[in-house]
Structure formats: structure tokens, C-alpha cells
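Starting from the known structure of chain D, arrange chain C on it as the hints suggest.
There are 2 protein chains.
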Amino acid sequence: MKMSETTHFEGNWFSEISYKKTYAQSFKVKEVLFREKSPFQLVEVLDTESVGRLLLLDGKTMVSDIDEFVYHESIAHVPAMTVKNLKKVLVVGGGDGGAVREFVRHPEVESVDLVEIDDMVIEASRKFFPGCSSALDHPKVKIYREDGIKFIQNNKNTYDVIVVDSTDPEDFAQGLFQEDFYRDVYDSLTENGVLTAQTENPFLDEFNIKGIYDNLRKVFPKVYSYNAPIVIYPGCFWTFAYASKGPNPLELNPEKISWMKEQQKTLQWYNCDWHKGAFALSNLQKKITGVGEV
Amino acid sequence: MKMSETTHFEGNWFSEISYKKTYAQSFKVKEVLFREKSPFQLVEVLDTESVGRLLLLDGKTMVSDIDEFVYHESIAHVPAMTVKNLKKVLVVGGGDGGAVREFVRHPEVESVDLVEIDDMVIEASRKFFPGCSSALDHPKVKIYREDGIKFIQNNKNTYDVIVVDSTDPEDFAQGLFQEDFYRDVYDSLTENGVLTAQTENPFLDEFNIKGIYDNLRKVFPKVYSYNAPIVIYPGCFWTFAYASKGPNPLELNPEKISWMKEQQKTLQWYNCDWHKGAFALSNLQKKITGVGEV
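Chains as they are written, first to last, in our numbering: chain D, 1 to 294; chain C, 1 to 294.
One chain only, chain D, in its complex shape (with noise of 0.2 Å):
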């Protein structure tokens, strides 16, 4: 097995080491199928025996076949099943597409504008990940390759939903957690939306979780957390930000109920229930983001 730059392997192990190089977690490799350096990272996946295929950047877990709906169902369902008059969405980040397919099975949603800055992302995802990046070349779903701060900062009132769908808070990723960035988002979104971002795990809080949603509080009225556990990423147990123009994550839209009864039949993760109990927080999670009392 060839050994790259930025990626940890030995022998046929591949290992992502992150908590200030204090805990790794790692997955036995039947086979590299891509390794490519883009202008942003180094794009690989790996076949391997335990998750299935497996998408890393710059040698962080990022999808795996075992888990991927667990992430894409929960960062899309939530928004998607609580704001009303859900037309416009947009994505940021995401190349893989696995969000992109979640929000286009709402049938009222008229677009899905996807924003990836590395264009070798939606490409492998394409070729290597069938099942996440199967609808990018849906009617309603455009793709743009470009840098997703400026893109929102050109796209006033204009999203009823935004998903980040970033890296960690660092590199080129990191102005997607700052205070400027959300300031933007809430201008992109329209009158009662909504954005939802991942926010890290809470148990080994390497990235000041509290710090993000400190800067989410600063712009939106209404700021709320929910998780779903990611077993690839480091700790597993990750939470999600909810960040309101209005709409309030535990009313689900009535309307819609009885068609996602039916739709959820056809997912792996999320239902009504399950939604309504990932944002019933534990005391830790509460603490660690500031959202609710204990």
C-alpha cells in the first residue's frame, strides 16, 4: 500500500489520529481506489473491510457506505420537515450529494443549489459513492463550483433552508463557523428559514463547540441543537446546529406528517420520532453548546 502525505496508514490499516494526536480510530483497507490531490486537499477512498467504502479528505473521515444516511437524513429531514413553503435549498459543501438526494425527495422543494468548492469531491463521489451522489444530476439540483462564502454573500433572502455540510473548523473550512459567515447565511435565507450545520462531538471538544454556537446565538433569534451518532468520525457522537429565522425544530409541519409516514418506510435513519428525541439533549450536550438548561 503506497503511502501518502497527509494520510496515516501501516501495513494495511488506515488510521485517522486527531484530539491534539491523543486517540485514533481505524479501519482495515482491502483496496485504494482513488488518491488525487485537488488545489484544496487529497481526495482518496478506500475500500475497506469494516464501513464499506470510504471517502477521506486530507486524511479525515468524511462518508462511508455503513453510515452515510445517518448524517444526510439528519442534517436534511429536520430543516426540510419543519419550515413551511420549502422551495429554495441550498448546500454547502457536500460534493458527495448525500444531502442533495435527502432534500430532493420533498416534493415542494423547486430547487437544490449545491455549492462545492472542490469539484474532484463530486467526481469521485460520482464514481465511487453510486448511492450518495445519486441524485446530483437531478432536474431540480444545480451545481456550483465555487467558494461558498462569496457564493451566499451574492444570494440575499433567497433559501428557506441552508445546510453546511462542512469539514472541521479548520483550514479553509474554518470561515464556516465564524460569526461574519452565519451573518451571511441569515441574509441568504429567507423571511422563516432555517440552516443546519454539523458541530462536532461534544465528549472530546477539540474545536470549542461552545465558541460556534456563541456565534450562531450572536445572529439567528433562535439557536438549538440536536445529534445522531457518526460511527467513522472521531467520537462518533456528533451534534448538529439548528439556527431559526422562526420555525421551531420540534413542530414539524403538519402538512406533511402523513407523507413522511410513508417516505420514512424508504429511509434508514430518520422518522417523526426520531427527530422530535434527537433534540431531547443530555445535560453534557446542553452545557457544551448552551443550548437549554439543565
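The reader is advised that the hints may include incorrect statements.
A pair counts as met if it fits within one copy or between any two copies, since identical chains are not told apart.
[Unchecked claim] The calculated lysine to any residue pairs, modelled on SDA-like cross-linking and capped at a C-alpha distance of 25 Å, are:
1) 87 <-> 110
2) 28 <-> 7
3) 60 <-> 17
4) 21 <-> 9
5) 150 <-> 137
6) 20 <-> 60
7) 87 <-> 272
8) 222 <-> 273
What the hints contain is simulated information worked out from the structure, not anything from laboratory work.
Okay, now just chain C, sitting in the frame of chain D:
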């Protein structure tokens, strides 16, 4: 660092290699604080950089400073808040004392019996996990250094709650997941008693979770599942069974809710809202446990 027979060390990293040797989780170790072979297993305590002190049994992660409260508060307060007339509690396994510590908080509990087959686990916990083991000398607590299966057979119609705080369903713990054992648990419970038990990770379903729940369903009239994240366990997202002779896990004892609202300010994980949310299962958990319909 001295190598042990059972435990995988490389340099100053400890690894738990699991799921048929296709997945590993590793912790950087400052110091091995304890390592001794009991008649049952290798008992080790590591001081790690990422999760504080870490108890291993035969090279498998059991308890860490960073997340012990999740497991113990989840496995104890869920039954304790839903069983009426909670007087006598039995914890099978759990020699670290964490579950016991949570039960003695409940004022109406008269006795907590702990049956731990391996005295060395208790002694290692007393020495290295003062937080977990803090209630082992509480006047309500009685420790039995015996085999849990036999103990339960000798105590019919005795306990209002039984917790099976066991290792994985293999080796000498395998019997704790079988129909015969669950029948003994049923007989050892009082009329409206409840069993809670850890039931493994649903993504990397190494131990046939469906089989465990099928065994429970052969014996108990009501079987539910809930979940909590245990960061140090392989795959982290952990399922728990709530098998009941009567109580419904969503019906919290109304006489105790206001007491718990005060008590939970001192807890790190559990609160009454989280309790209810933890039973709102994803499609995956419903499918893998056979509990509830999608």
C-alpha cells in the same frame, strides 16, 4: 511499556481491535497504572491522554473518566424513574460501582446488591476510579463476590430493578444474554420489575443484537430499546434494553419528577427529557432490535 498477552500496545498507544479485526480504536497512554491477572480476566488501568483513566478487561475498554457517567446514569436512572415502589435493586457485573452510585441517589431505594464475579475489578475501581466506586461502602450497598447467574437463581421475586452491566456476549459473559438467564431474571424480579442491560452497537452488529432482543421477547411481555453514546466503546453508539413486567419506560413516576428535576442538576448526562428522547428510535435501531415499527 511492557506488553501484555491480551492487550494490544504499540509504542505508547493502546488499541482495541474489534469487529473481526477490521476496526480499531486507540488511546495514547501516559502510564499503565495497574495490570494483574484475576482468575477470570486480565485487569488493567491505563492513564490516557484523551479519556483520562481507562479500565480494560481482557484488553477491552470498560470504563473511562471522560464518559463513565453516560453509561451509569443511563442504565440506572431510566429504570429507577419508571418503576413504582422501587426498594430493592440488583446490579449484575458492574464492579466499578458506577451503576450502584446512581441508584443510591434515589431516597426510596432500601438496598442495592452488587454481584460481581471478579473481586479484582472492584478493588481496581476503588483504587483508581474513586468517582465510580464512591458508593460501594454506602450503607444501602451489599457486595456479593459470586456468579451472577447462580445468585439470581437463588433470589426469586426479590428485586424491583435488575441491571445487567456486563461485558460483551462472549466467554463467561455469554450466558448473560441467553433466554434461560432472562427467565431467571424474570423470576427474580418482583411483580412490576424491570431489567436494563447493555446490548451493543447496531452499526457493526458483531453480536447479533436481534438475537438478544428475541431472547428477551421470549420471556418479557414488554421489551423496549434505548440508546446512549459511550465514546470509548467500539462504534460508540450504544443500545440498551429495557425489559419490563409492567412499567412503560416513557411513563416517569409522577411522584419523582420534581425530585429528579432538582437531582439532575448534579448529573452529567441524565435528565427527564433526555430519558424520553432516548427511546425515540431511528429506523436502524428499530430494525436491528425488532422494537417498534418504522
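For each hint, the structure was consulted:
Taking the closest pair of Cα atoms, residue 87 and residue 110 come within 25 Å of each other only inside a single copy of the chain (5 Å); across copies the shortest separation is 59 Å, beyond that limit. In this homomeric assembly, residue 28 and residue 7 come within 25 Å of each other (Cα to Cα) both inside a single copy, at 14 Å, and across copies, at 18 Å. In this assembly of identical chains, residue 60 and residue 17 lie within 25 Å of each other by CA distance both inside one copy and across copies; the values are 9 Å within and 20 Å between. In this assembly of identical chains, residue 21 and residue 9 lie within 25 Å of each other by CA distance both inside one copy and across copies; the values are 15 Å within and 16 Å between.
Taking the closest pair of Cα atoms, residue 150 and residue 137 come within 25 Å of each other only inside a single copy of the chain (24 Å); across copies the shortest separation is 62 Å, beyond that limit. Taking identical chains as interchangeable, the C-alpha atoms of residue 20 and residue 60 lie at most 25 Å apart whether they share a chain (14 Å) or sit on different chains (23 Å). Taking the shortest alpha-carbon separations for residue 87 and residue 272, only the intra-copy value of 21 Å comes in at or below 25 Å, while the best inter-copy value is 37 Å. With identical chains, the CA atoms of residue 222 and residue 273 are at most 25 Å apart both within one copy (22 Å) and between copies (19 Å).
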